[in-house]
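Student: Sequence:
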Amino acid sequence: MSPPDKSYLKVLSELEQWGSYETSAQPRDISKLEGIRLLLKDLGHPERAFKIIHIAGTNGKGLTATMISRLLCIQGFATGCYTSPHLIDIRERIAL
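Residue numbers (the working numbering): 1 to 96.
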């Protein structure tokens, strides 16, 4: 976790250095998620309290996610939307 005194620009710079899963040639090892699963279990599965829409497929995910988010906002829901990859700036990935 980042110390609270980190500047916005420093955090943004660190995010840019993370690399991209989309362009990485290295396969992802799903078995490494076991530690996260155990942690979530120990915490009482707080992730289950969130209402989440997961969009998968080949084309149109960003547009679909944005439209669903906007429609829910119009209906009075608070939403967050994470899309990947970004086009120009990593801040494009998260919308609240």
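Because the hints were derived from the structure by calculation, they are not lab data.
Hints may be right or wrong, so weigh each one.
[As the list claims (entries may be wrong)] DEER-style ranges, computed between Cβ atoms:
| id | residue 1 | residue 2 | range |
| --- | --- | --- | --- |
| 1 | Leu38 | Gly60 | 34 to 42 Å |
| 2 | Ser7 | Gly44 | 17 to 25 Å |
| 3 | Leu71 | Phe50 | 14 to 22 Å |
[What the hints assert, rightly or not] Simulated pairs of lysine-lysine, BS3-like, Cα-Cα distance not exceeding 27 Å:
| id | residue 1 | residue 2 |
| --- | --- | --- |
| 4 | Lys41 | Lys51 |
| 5 | Lys10 | Lys41 |
| 6 | Lys51 | Lys61 |
None of these values were measured; they are calculated from a predicted model.
Beta carbons: idealized from backbone N, C-alpha and C, even for Gly.
Student: State for each hint whether it applies.
Tutor: Going through the hints against the structure:
Between leucine 38 and glycine 60 the beta carbons are some 35 Å apart, a value that agrees with the proposed interval 34 to 42 Å. For the pair serine 7 and glycine 44, the beta carbons lie near 34 Å from each other, so the given range of 17 to 25 Å is not met. Distance hint for leucine 71 and phenylalanine 50: a CB-CB separation of about 18 Å, consistent with the stated range 14 to 22 Å. Under the criterion of a C-alpha separation no larger than 27 Å, the hint pairing lysine 41 with lysine 51 is consistent with the structure, at around 18 Å.
Of the supplied pair hints, the one linking lysine 10 and lysine 41 is violated, its CA atoms being roughly 33 Å apart against a limit of 27 Å. Annotation: proposed proximity of lysine 51 to lysine 61 holds, straight-line Cα distance about 18 Å (limit 27 Å).
When the structure is compared with the earlier hints, violations turn up for hints 2 and 5 and for no others.
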